[in-house]
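Student: Here is what each chain is made of, one letter per residue.
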Amino acid sequence: MTAPATHETEDATPFTARRAPGCPFDPPPAHRALLPDGDRPAAPPTRVRLWDDSTAWLVARHNDQVALLRDERISADSRRPGYPSVSEASLATRAHNRTFITMDEPEHNEERLRFTGAFTVRRIEGLRPRVTALVDGLLDAMAAAGPPADLVQAFALPLPSLVICELLGVPYADHGFFQRCSRVLIDMRSTPEQALDASQELVDYLTGLLAAKQRNPADDLLSRLATEYVATGIATRDECAKQARLLLIAGHETTANMIALGTCALLRHPEQLAAVRDGDEQQVAGSVEELLRYLTIVHLGRRRTALADIEVGGVTIRAGDGVICANDLANRDPEVFPDPDRLDVGRPARRHLAFGSGPHQCLGQNLARLELRLAYPALLRRFPGLRLDQEFAEIAFRDEMLVYGVHALPVAW
Amino acid sequence: MRITVDTDKCCGAGQCVLAAPEIFDQREDDGIVVLLTEHPPQHLRAAAEEAAQVCPAGAITLALQEAHS
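Sequence lines, in order, name chains A and B.
Under full-length UniProt numbering, the first residue of the first sequence carries the number 1, and numbering increases by one thereafter.
Under full-length UniProt numbering, the first residue of the second sequence carries the number 1, and numbering increases by one thereafter.
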């Protein structure tokens, strides 16, 4: 039998989310090797093999990623054949994910700009008293019930869930339902059927809420979508339900995992923890940027398809090729962040790509910043003796979820 | 130092306001950048550079020609 001509997929190394044992805060070593280290120069973008045996370019360097993510010749449309999907479950639900995050210009900005007014720096700053009250309430309840506590369930997950519920106008009483659906959707082990069911349940639920808001509008985002877009015929209720689905999931999963994983990292670095606990507002703000850089919880890269041949980092990415901008690697690029594997809350970290780059950069980033700037110091000041209540080696990290973090964080004080 | 912004590119992320609130603001309805001063004072140069650097859309341009005059 004649051996078939070597196809490039056979040469490509597998894309992995698996981290080194004992190094849960560091990117997978197989990917990490693309970055320069000491005398070792940076490797050019390289082909990786994905779960479905397709291939894509893995881009590691910070400057290459910024250039690509800002490039008009790159597409975020997940319907394109070369698009590198994350898992079978996310491929199955891509129609439900047809919102501005998977659209190109001019469609993208037209839809995104419906929401940006609600997330400006000033509007988000206006939420400070309310978020402070929610933080204090949750910490009061945690103090009254414990120790011990699971920080995820007691604080990290409820805080952003409460905030995004109030912003959207989703009843928090339904949090068990939407958190369960969200968990299925971001679990790479979910089957396409499970993911589709969870996604449809969420879309149906939000469609119902939009209809109710159209009849009885309140001061929230769902009401705005219902009255300004659905009622006027600018958008369908289904389109708005999909946008609300995105905001609901993105609004609680990401910040929840930053709070819990960030606390876990600080507990492992007591001098950094002390700096956050005792820092003034500006120091805490800087610490949040460093934690965003160091942890990069959206850990599977920003995924795109090239629309034209693009030269980057010494290679030519061909039109139609899939591209993965590994923002976890960009955030450890020693040219931008010296001694990148060190958590140093005093360093300037604002150039991190934890929220991505380009026109798709995270819509809710300033809300996330506000919540994190309030959550970390309040938690650490309320419980000065906070400690892990489980062996570090026993903590279950979320390798298999689209958003990295810890499944639970048992703590005592 | 002279600053220009491209409002067509701007995606309303607000990074410039975080970096240099003395120079940039956002429109209330859609978060698009508003340039408060085209010629900010020299002591804001570092903040202006950071804003240009972290703008995700590359919508901010800094010209430093006046530094030489």
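Certain hints may be false.
Stated by the list, open to error - Below 16 Å or equal to it, Euclidean Cα-Cα: the simulated EDC-like pairs (lysine to aspartate or glutamate) are: (1) B:Lys9 <-> A:Glu105; (2) B:Lys9 <-> A:Asp71; (3) B:Lys9 <-> A:Glu107; (4) B:Lys9 <-> A:Glu111; (5) B:Lys9 <-> A:Glu228; (6) B:Lys9 <-> A:Asp104; (7) B:Lys9 <-> A:Glu72; (8) B:Lys9 <-> B:Asp30.
To be verified - Derived list of chain B stretches under chain A, where covered just means 3 residues or more per stretch with a C-beta under 8 Å from a C-beta of chain A: (9) 8 to 17; (10) 38 to 50.
Hints in this document: simulated from the structure, not taken from any laboratory.
Where a beta carbon is used, it is the ideal one built from N, C-alpha and C, also for glycine.
Student: Determine for every hint whether it applies to the structure shown.
Tutor: A quick look at each hint next to the structure:
Pair hint B:Lys9 plus A:Glu105 holds up; C-alpha atoms about 10 Å apart against a cutoff of 16 Å. In summary, the hint linking B:Lys9 to A:Asp71 is supported, as the alpha carbons are separated by about 11 Å, within the 16 Å threshold. At most 16 Å may separate the alpha-carbon atoms for a hinted pair to count; B:Lys9 and A:Glu107 meet this at roughly 13 Å. Taking the CA atoms of B:Lys9 and A:Glu111, the gap is near 14 Å; set against the 16 Å cutoff, the hint holds.
Distance check on the hinted pair: B:Lys9 and A:Glu228 sit about 25 Å apart at the alpha-carbon level, beyond 16 Å; violated. Distance hint between B:Lys9 and A:Asp104 is fulfilled; the C-alpha atoms sit about 13 Å from each other, no more than 16 Å. Of the supplied pair hints, the one linking B:Lys9 and A:Glu72 holds, its CA atoms being roughly 11 Å apart against a limit of 16 Å. At roughly 13 Å between alpha-carbon atoms, B:Lys9 and B:Asp30 fall within 16 Å of each other, so this suggested pair holds.
Requiring three or more residues with a Cβ within less than 8 Å of a Cβ of chain A, the coverage given for the stretch 8 to 17 of chain B holds, as 7 such residues are present. Given as covered by chain A, the stretch 38 to 50 of chain B fails the check, having 1 residues with a CB less than 8 Å from a CB of that chain where 3 are the minimum.
Going down the numbered hints, you'll see the structure goes against 5 and 10, while the others check out.
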